[in-house]
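Protein sequence lines correspond, in order, to chains F and A.
In terms of numbering that gives the first Met the number 0, the first sequence has 130 at position 131, counting the first letter as 1, and numbering is strictly consecutive.
In terms of numbering that gives the first Met the number 0, the second sequence has 5 at position 6, counting the first letter as 1, and numbering is strictly consecutive.
None of these hints come from the bench; they were simulated from the model.
No experiment lies behind these values; they were computed from the predicted model shown.
Treat the hints with caution; some may be incorrect.
[Unchecked claim] Here are the simulated distance ranges between beta carbons:
1. A:Lys39 / F:Ile24: 49 to 57 Å
2. A:Glu91 / F:Glu105: 34 to 42 Å
3. A:Tyr40 / F:Pro129: 28 to 36 Å
[Said to hold, decoys possible] Mimicking EDC-like on lysine to aspartate or glutamate, the simulated pairs with C-alpha atoms at most 16 Å apart in a straight line are:
4. F:Lys117 / A:Asp34
5. A:Lys68 / F:Asp138
6. F:Lys5 / F:Glu69
7. A:Lys11 / A:Glu91
8. A:Lys68 / A:Glu20
9. F:Lys117 / F:Glu90
10. F:Lys131 / F:Glu105
11. A:Lys68 / F:Glu106
12. A:Lys71 / A:Glu28
We put the beta carbon where it would ideally sit given N, CA and C, even for glycine.
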Amino acid sequence: MKREVKNKMKLSFISRSENEGLSRIAVSAFLSSAGADAGVIAQLKTAVSEGVTNAIVHGYRGITGIVTLECTIYENGLIRTVIRDKGTGIEDIEKAMEPLYTTAPEEERAGLGFAIMKSFCDRIRVRSVPGKGTTVTLDKYIAENG
Amino acid sequence: MIPITEYDSERKILTALLQGEIDHHCAGEIRRCIDIAIDKYSPELLALDFSGVTFMDSSGIGLVMGRYKLMKETGGETIVLNPRDDIRKLMELASLGRLTKIAYTAHSAAKASSGRKVP
């Protein structure tokens, strides 16, 4: 079935931590103008914050690079958010997605980023190539009941 | 945003009033601020008051867990006060309740109702 695009936005920014707030504001403004449920917006905002923080903290550890955030709303109510970095990539995706697993405990990273993205979205896909970068795709429906 | 810390020397309670959004960007500064106060007063109880927190991601969970561990080193306890519903849900998702009690105070209830418009 072909999905029609209703609205789409793309944001690129360098991997500085103050841009985590920018990514949240952009996503929530974009979704509220599309009439998404307040609860859905709040959950996606949190999921995006986790994904973008991962890109900044882990993807570009010690280096600066570009993070892109893409959000598409389809006519059938699907919201697809894609967070992309061209950083170090993840060696073992399964391990990275385990709750409480973190490679940065000294920075008090709780290791819950993926667990939160998973529980706040309907579907999550992670593609990563070591040395090339990581792409996280979050799917969620615009209303609680889809 | 930098938290406001208050120390009750009689009851040995250090309260940190957290405000605004807690993400990875500001968690480090909040952590330093609270840890300086813990070091200064050596409280028996650390109360993290979330009344003024409007957004939090897993960085906030890390912040609470880290303070819990630090307080535990000297035999102290940590309590979480007045988180909003969505923030409480996130805390429950992280099973934070196994480490610290999550409670609501009359102080915050009064503050919440005073902010409401009288019809």
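Here is what the structure says about each hint:
One distance hint, 49 to 57 Å for the beta-carbon pair Lys39 (chain A) and Ile24 (chain F), is violated here, with the actual separation near 35 Å. Between Glu91 (chain A) and Glu105 (chain F) the CB atoms are about 26 Å apart, so this pair departs from the stated range of 34 to 42 Å. Range check, Tyr40 (chain A) to Pro129 (chain F): Cβ separation about 46 Å, and the 28 to 36 Å hint is violated. Our distance criterion of 16 Å between C-alpha atoms is broken by Lys117 (chain F) and Asp34 (chain A), whose separation comes to about 32 Å.
Proposed proximity of Lys68 (chain A) and Asp138 (chain F) is contradicted: the alpha carbons are some 35 Å apart, above 16 Å. In summary, the hint linking Lys5 (chain F) to Glu69 (chain F) is supported, as the alpha carbons are separated by about 14 Å, within the 16 Å threshold. A hinted pair counts as satisfied when its Cα atoms are at most 16 Å apart, and Lys11 (chain A) with Glu91 (chain A) does not qualify at roughly 27 Å. Between the alpha carbons of Lys68 (chain A) and Glu20 (chain A) the distance comes to roughly 23 Å, so the proposed pair goes past 16 Å and is violated.
For the hint pairing Lys117 (chain F) with Glu90 (chain F), the CA-to-CA distance comes to about 20 Å; that exceeds 16 Å, so the pair is violated. Taken as a hint, the Lys131 (chain F) and Glu105 (chain F) pair is broken in the structure, with Cα atoms around 25 Å apart against an allowance of 16 Å. Between Lys68 (chain A) and Glu106 (chain F) the alpha-carbon distance is near 14 Å, which keeps this suggested pair within the 16 Å criterion. Proximity of Lys71 (chain A) to Glu28 (chain A) is assessed by CA-CA distance (about 21 Å); at most 16 Å being required, the pair is judged violated.
Hints 1, 2, 3, 4, 5, 7, 8, 9, 10, 12, counting from the list given before, are not met by this structure.
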